[in-house]
Amino acid sequence: MMRRLLLGSLVLVALSCKNRKNIPDVANIKVHLAVERFETDFFALDTLHLDRGLQQLTAKHPGFAQDFLFNILGTTPDSATKDVSFFIHSYQSLADAAVKKFSNIAGIEREVSRGLQFVHYYFPSYQLPAKLITFIGPMNSYGTILTRDALAVGLQLYMGRDYPLYQSDQGQQLYPAFISRKFEPGYIAVNCMKNIIDDMYPDKSMGRPLIEQMVESGKRLYILHQLMPEAADSIKTGYTQQQLDDCRRNEQVIWSFFVQNNLLYNTDPNMTRDYMTDGPNTAALGEASPGNIGQFVGMQIVSRWMDKQNGLSLDVLMKTSARQVFEEAKYKP
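For what it's worth, numbering that gives the first Met the number 0 labels the leading residue of the sequence shown as 0, then goes sequentially.
Worth flagging that the hints you see were computed from the coordinates, not collected in a lab. Be a bit skeptical, because a hint or two may be false.
[What the hints assert, rightly or not] With a straight-line cut-off of 30 Å between C-alpha atoms, the simulated DSSO-like cross-links for lysine-lysine are:
| no. | residue 1 | residue 2 |
| --- | --- | --- |
| 1 | Lys318 | Lys29 |
| 2 | Lys203 | Lys329 |
| 3 | Lys59 | Lys130 |
| 4 | Lys130 | Lys99 |
| 5 | Lys203 | Lys331 |
| 6 | Lys59 | Lys81 |
| 7 | Lys318 | Lys130 |
| 8 | Lys318 | Lys331 |
| 9 | Lys100 | Lys81 |
| 10 | Lys307 | Lys203 |
| 11 | Lys81 | Lys99 |
| 12 | Lys130 | Lys203 |
| 13 | Lys130 | Lys29 |
| 14 | Lys59 | Lys100 |
| 15 | Lys130 | Lys100 |
| 16 | Lys99 | Lys59 |
| 17 | Lys203 | Lys318 |
[As the list claims (entries may be wrong)] Pair ranges (Cβ atoms, derived):
| no. | residue 1 | residue 2 | range |
| --- | --- | --- | --- |
| 18 | Leu32 | Leu311 | 28 to 34 Å |
| 19 | Met205 | Gly62 | 29 to 35 Å |
| 20 | His119 | Gly62 | 21 to 27 Å |
| 21 | Gly159 | Asn261 | 38 to 44 Å |
| 22 | Thr266 | Arg180 | 30 to 36 Å |
| 23 | Tyr125 | Gln169 | 34 to 40 Å |
| 24 | Asp148 | Ala282 | 40 to 46 Å |
| 25 | Pro201 | Lys81 | 33 to 39 Å |
| 26 | Thr80 | Pro279 | 37 to 43 Å |
| 27 | Tyr125 | Gly62 | 17 to 23 Å |
| 28 | Asp148 | Thr75 | 21 to 27 Å |
In this text, a Cβ means the ideal position worked out from N, Cα and C, and glycines have one as well.
Build out the structure end to end from the sequences listed, making use of the hints.
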């Protein structure tokens with residue numbers, strides 16, 4: 000029978016994840032990031048003359064206008080004017096609120112640009128995006144996406160956890176509180192960096208044993224720490240600060256749970272997803288635990304392995320098999 004544990008219920012020695020403060024100096028790395036406020040131009044369209052307006056929009060925002068209309072809004076050339084008109088009228092109040100909330104995004108631009116400096120430092124051959132584009136899409140659409148040459152941010156999913164639309168019945172059906180609490184502007188830059196990491200190294204661990212999925216998730220979190228060294232760990236993990244503190248205090252208990260229940264080499268997706276997907280908590284570990292607790296375990300294993308290496312590049316880390324990282328780390332909290 001699987002043992003259940005309650006995080007925060009035991010008095011343990013605090014074993015925290017090492018927070019690397021040896022931050023490289025990237026000040027001389029030049030990043031040119033042009034900012035485009037697509038939502039401003041989009042919601043300024045004259046709905047009585049949409050055909051001409053959409054042509055002008057496409058000319059001003061080549062590439063992204065098509066991405067927005069066909070991939071984000073989900074319209075077609077035949078229904079574009081009708082769909083755009085309906086969307087503008089439906090989302091005008093959100094657009095008005097976003098204009099006030101994001102009247103100045105210089106801070107977000109600086110944070111994203113700094114992240115890109117670290118991307119270039121660690122991955123000099125990676126082609127950095129040249130633009131930071133903001134837009135407002137449907138509620139069930141994207142928060143951040145990576146296009147051919149831009150990082151695009153859907154402001155509809157960063158209006159603040161208490162935004163009324165998120166609290167509505169429809170909003171809660173789409174995004175329960177454990178998700179919508181992360182709809183804060185402070186998550187934008189971190190989510191942009193996550194997209195870049197996934198672009199460089201697509202996750203292929205689905206269907207692999209749980210331990211390999213955890214290590215692969217840990218690799219990504221480890222890299223995210225290097226790309227966003229000043230960002231709060233709670234933002235990077237998606238945990239609340241209390242959940243993160245509890246994980247650190249109970250690191251040994253969490254690991255013992257997986258070992259004693261013979262979960263490490265389990266490949267059953269009905270089992271592994273309980274530990275590798277977001278949720279209000281990890282049921283087997285109690286209500287105080289975070290969802291996606293597997294990334295925390297994976298991060299500890301990866302950190303232990305990297306501590307044994309001598310200046311190993313992040314690229315080599317990502318290309319080293321998860322099984323090898325686990326076996327060589329000899330992780331025993």
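Going through the hints against the structure:
1. Distance restraint check for Lys318 and Lys29: the Cα-Cα separation of roughly 28 Å lies within the 30 Å cut-off, and the hinted pair is therefore satisfied.
2. Straight-line distance between C-alpha atoms of Lys203 and Lys329 comes to about 23 Å, which keeps the hinted pair within the 30 Å bound.
3. The hinted pair formed by Lys59 and Lys130 meets the criterion: a straight-line CA distance of about 14 Å does not exceed 30 Å.
4. As the CA atoms of Lys130 and Lys99 are separated by approximately 22 Å, the hinted pair is consistent with the 30 Å bound.
5. A threshold of 30 Å between alpha carbons decides the hint, and for Lys203 with Lys331 the separation of about 26 Å falls inside it, so the pair holds.
6. About 21 Å separates the Cα atoms of Lys59 and Lys81, which keeps this hinted pair within 30 Å; it holds.
7. Simply put, Lys318 and Lys130 have alpha-carbon atoms about 29 Å apart, close enough for the 30 Å limit, and the pair holds.
8. Distance check on the hinted pair: Lys318 and Lys331 sit about 24 Å apart at the alpha-carbon level, within 30 Å; holds.
9. Pair hint Lys100 plus Lys81 holds up; C-alpha atoms about 28 Å apart against a cutoff of 30 Å.
10. Using a Cα cut-off of 30 Å, the hinted pair Lys307 and Lys203 holds, with the two alpha carbons roughly 25 Å apart.
11. Of the supplied pair hints, the one linking Lys81 and Lys99 holds, its CA atoms being roughly 27 Å apart against a limit of 30 Å.
12. Between Lys130 and Lys203, the direct Cα distance comes to roughly 28 Å. Compliance with the 30 Å bound is thereby established for this hinted pair.
13. At most 30 Å may separate the alpha-carbon atoms for a hinted pair to count; Lys130 and Lys29 meet this at roughly 14 Å.
14. Our distance criterion of 30 Å between C-alpha atoms is met by Lys59 and Lys100, whose separation comes to about 24 Å.
15. With a CA separation close to 21 Å, the supplied pair Lys130 and Lys100 stays within the 30 Å bound.
16. A C-alpha spacing of about 23 Å is found between Lys99 and Lys59, which places the hinted pair at or below 30 Å, so the restraint holds.
17. At roughly 12 Å between alpha-carbon atoms, Lys203 and Lys318 fall within 30 Å of each other, so this suggested pair holds.
18. Distance hint check: the CB atoms of Leu32 and Leu311 are about 29 Å apart, consistent with the given range 28 to 34 Å.
19. Between Met205 and Gly62, the C-beta spacing of about 30 Å keeps the proposed range 29 to 35 Å intact.
20. The hinted window of 21 to 27 Å between His119 and Gly62 holds, with their beta carbons roughly 22 Å apart.
21. Restraint check, Gly159 to Asn261: a C-beta distance of roughly 43 Å satisfies the suggested window 38 to 44 Å.
22. As the Cβ distance of Thr266 to Arg180 is approximately 32 Å, the hint placing it in 30 to 36 Å holds.
23. Separation of Tyr125 from Gln169 is about 39 Å and conforms to the stated range, judged on CB atoms against 34 to 40 Å.
24. As the Cβ distance of Asp148 to Ala282 is approximately 42 Å, the hint placing it in 40 to 46 Å holds.
25. Between Pro201 and Lys81 the beta carbon distance is about 36 Å. The supplied range of 33 to 39 Å therefore holds.
26. Range check, Thr80 to Pro279: Cβ separation about 42 Å, and the 37 to 43 Å hint holds.
27. Our hint of 17 to 23 Å for Tyr125 and Gly62 holds, since their Cβ atoms are close to 20 Å apart.
28. The hinted window of 21 to 27 Å between Asp148 and Thr75 holds, with their beta carbons roughly 24 Å apart.
The structure agrees with every numbered hint stated previously.
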